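Trainee: Next come the chains, spelled out residue by residue.
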Amino acid sequence: MPEVLKAPLVVEFPFTRSLGPVQSAFLTGLRERVVLGVRTTDGRTLVPPVEYDPVTAEEIHDLVEVAPTGTVTTWAWNHAPRRGQPLTTPFAWVLVRLDGADTALLHVLDAPGPDAVRTGLRVRVRWAGERTGAITDIACFEPYDGDPARPGGHSGAFEDPLTGIVAPARLDYTYSPGRAQSAYIDALSARRTVGERCPSCRKVYVPPRGACPTCGVATAEQVEVGPRGTVTTFCIVNIKAKNLDIEVPYVYAHIALDGADLALHARIGGIPYDQVRMGLRVEPVWTEGARHPDHYRPTGEPDAAYETYKELL
Amino acid sequence: MSKEPVAVVGIGQTRHVAARRDVSIAGLVREAAQRALGDAELTWADIDAVVIGKAPDFFEGVMMPELYLADALGAVGKPMLRVHTAGSVGGSTALVAANLVAARVHGTVLTLAFEKQSESNAMWGLSLPIPFQQPLLAGAGGFFAPHVRAYMRRSGAPDTIGALVAHKDRRNALKNPYAHLHEHDITLEKVVASPMLWDPIRYSETCPSSDGACAMVLTDRAGAARAPRPPAWLLGGAMRSEPTLFAGKDFVSPRAGQDCAADVYRQAGITDPRRDIDAAELYVPFSWYEPMWLENLGFAAEGEGWKLTESGVTELDGDLPVNMSGGVLSTNPIGASGMIRFAEAALQVRGQAGEHQVDGARRVLGHAYGGGSQFFSMWLVGAEPPDS
Chain A
2 MPEVLKAPLV VEFPFTRSLG PVQSAFLTGL RERVVLGVRT TDGRTLVPPV
52 EYDPVTAEEI HDLVEVAPTG TVTTWAWNHA PRRGQPLTTP FAWVLVRLDG
102 ADTALLHVLD APGPDAVRTG LRVRVRWAGE RTGAITDIAC FEPYDGDPAR
152 PGGHSGAFED PLTGIVAPAR LDYTYSPGRA QSAYIDALSA RRTVGERCPS
202 CRKVYVPPRG ACPTCGVATA EQVEVGPRGT VTTFCIVNIK AKNLDIEVPY
252 VYAHIALDGA DLALHARIGG IPYDQVRMGL RVEPVWTEGA RHPDHYRPTG
302 EPDAAYETYK ELL
Chain B
7 MSKEPVAVVG IGQTRHVAAR RDVSIAGLVR EAAQRALGDA ELTWADIDAV
57 VIGKAPDFFE GVMMPELYLA DALGAVGKPM LRVHTAGSVG GSTALVAANL
107 VAARVHGTVL TLAFEKQSES NAMWGLSLPI PFQQPLLAGA GGFFAPHVRA
157 YMRRSGAPDT IGALVAHKDR RNALKNPYAH LHEHDITLEK VVASPMLWDP
207 IRYSETCPSS DGACAMVLTD RAGAARAPRP PAWLLGGAMR SEPTLFAGKD
257 FVSPRAGQDC AADVYRQAGI TDPRRDIDAA ELYVPFSWYE PMWLENLGFA
307 AEGEGWKLTE SGVTELDGDL PVNMSGGVLS TNPIGASGMI RFAEAALQVR
357 GQAGEHQVDG ARRVLGHAYG GGSQFFSMWL VGAEPPDS
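Order-wise, the sequence lines are chains A and B. One point on numbering: in the working numbering, the residue at position 96 of the first sequence is 97, and numbering is uninterrupted. One point on numbering: in the working numbering, the residue at position 344 of the second sequence is 350, and numbering is uninterrupted.
So here's chain B without its partners, still in its complex pose:
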């Protein structure tokens, strides 16, 4: 028996900001969930199961969100699951929810991811003082910056590319009312002039620290037929993992990322992603990851990704827009960031992305990664149902 087609019929986000002191974590997730239900014109009673994800527990000290948030998410008397995969969790959470619908376990599933970074401390959570070990000398940026330098060496990319990405994403964020950073006076010169934190990564080429939540309502064909607005259809979805460190690991273009993309493209019948996919929301927490992921995901040959960025192909009005929402560079509630990518991909094919809508977006990729570039989750969504 073939899989049940899965449709996204409701999407809700909070307006992402540095600190939401007016609400509890329950209040924050509730806001996103209500907006997703409102978009789908459904009530709590229409939901069959709830699947949630969040950042690693040490980041914010909430160890059992499913226990604490069951009532806020209307999960009483229903199955509730939690998914863990570091920074990619928002993506893998959506995929677990989608699989429940595809397998016909449930008809309509609410999926949600969140983080209140203002009540958390990711830097502390990443640098616990393990006995006998040398303390980590650099934090998250210092962990990723050497890999960016390795990419620059390997590809021969000019050192201007990172700033171009940051400038583009921050301008895109100005068109997205839910984005955290709205830098109205942003210029390329300002990005280049911002302090060099972990050379080659500048301050303006890093992501902010945000409070936010994102929710989606996923449903089957019958649910999609009742939906008040056009659904986004899941054409392919996959997850892949690999160890943080191993001999032969390629941090610039991890094998798990390549394999994950290949699986998604196979499911969706994509043979040339550059031609067949209209736009992409990629998990880019540091600017240089845009060209790195463009290669890893097969949008460009190895060593050529930066040319797409440099020539304007990834601009909002380019041939392959990337991070139309402003991306992780403009909004980063870590636990939710992956789901925001997935949701923004769905908004595009539904034609609901507002000012940052790409005209004629029919097939859009949502991408998330996490840990030491070791967890990948992706989905490709389309305006038409699969096999139509």
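Chain A extracted, bound-state conformation:
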């Protein structure tokens, strides 16, 4: 049995977010070295601010400035900072209740070691040199033994407010296609297409998944199919995809390989796009070093009768 394949899979995307009035003021404030909270219906000040009162569900927008100094309410030491965390040296995750606020803000504290951190420790904001309107405009907190700072009384109205942010998301996976697909890919390297037959319904799956999705039983019996097949249906693609180096128009087809019980999807070449038809008989065209056939081309056989493939559309 061939080795089960594995490969890294990184999924990342720069999502955008519209901020709405409250988050817009909060992040613009950080850019201007002002920390804003929001006043709730019962008179508490929430930092970071929210758009809706957590008790009454009313919309709230009464912004108030709080001090850049505060008190650690709880903490955890991080011995080994990871990629993308606010500091590269070991630090404490802290919840800080800023002077003037009733709730605590999650951030990091730059301290020499866990012995230097305690609940009740007085801290102040260390501002980032370059600020863009992000929570990282507060570079971190640092221990502070001076008097509480006075908040400036800012209204929360700014010139040139930030209205949106980019929130990049990234997930790192190790992807394995599993036993059945690894065997399928291994056979492809010898330009053979090998599926698996369900022991219950006898259908041949290409590519195989290791289990029959209808019967819910494992599949193991290998069956070589193709290499020829029939175009069961298709569309003509007229718009160029960003990440694909294929000239348009081209034909994207469902092809039932001889002996397979469902169609796979591939491009048709070697024939003008407007002459491709349902029932066209095709065969794979391989290019050196590629894992999958580059495309399928007509074999020159007569077209298959509709009755022979109508269940495989």
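No lab work stands behind these hints, which were simulated from the structure alone. Predicted model, so just to flag it, every value in this text is computed and none were measured. None of the hints are false.
Calculated lysine-lysine pairs in the DSS-like style (CA-CA distance at most 27 Å, straight line):
(1) A:204 to A:311
(2) B:196 to A:241
(3) B:196 to B:181
(4) A:311 to B:313
(5) B:181 to B:313
(6) B:9 to B:84
Only some residues are given here: those of chain A computed to face chain B with a beta carbon under 10 Å:
(7) 11
(8) 59
(9) 186
(10) 235
(11) 237
(12) 242
(13) 261
(14) 265
(15) 292
(16) 293
Where a beta carbon is used, it is the ideal one built from N, C-alpha and C, also for glycine.
Fit chain B to the known structure of chain A by using the hints.
Mentor: Same frame as chain A, but now just chain B:
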């Protein structure tokens, strides 16, 4: 003990547009929820539980909307659930909420679905570069276009039908102030002349990309008795699923869709949907899905659905109007699109659909599907309570 009858007493939508940069996602859902509460003349305190749905997480990168949106939806101290079923999610979310009322778990439930496509990327979310696999060559339109061709071959429908659907839905949208596309100068000629993207699907036969949210307040008999406006009553609701791909899958008329409709009709005592149902809001993201679903749902025999479209039966003033709101072809915040179908069905039987109201609509079907035509959810709502 029989089920508690379920009534829709509040409906709210945002005005769907390409990009709502003025509000956060929380602000967007709040707007729809407030309108639904306003319609029902209820406050947050009257709501016992919240059930929300949205598009698949990769589409917009919000992984735990229930966590982020609890305060915006007044869910503090109340149960909050999230439902996932790809594009059909708006429908299945409403049904989960309805079942909570039918089972007498809760008296009054707020249900809501949303998506901000402007902050999302569905195309990226659908085409992650999976190692060892051949990249998908075509995107969503390319996925569905071959199935449309299969339908055309199987039914012998003339190739003009798709454009008729698009022309109708875009004209209907002109009567719906909440619809995204308002193409005042739309003509059949313009639809036909629009670029062919994934032949046989033209640009004007595809759905737009929208930001929007839709909310409903569902309640029991006691709640319905207090409602300020006529309720819509749930007469039948069902969901069905099947795998994306399997040997023998019928993409033109999926078995799960047929079974789902049959279950709804059985619950509602419908024996002839074409005769017994007055109008339908069907999930039609590409024009040709109208005749395909008309067959799948039993409004026409196999191979005959296109004849209803061609003869004008599905027009707003036809005998079986379909997509009076303008449909998904005119408005598509994916995560909300299914719930908009359900809500529009309810608006019709309440007589609250405004300019796109169908006269005398007493029983209307709301339909949603998602994934690779693998998740189906439907409800039939009526102007009269069940068994009355």
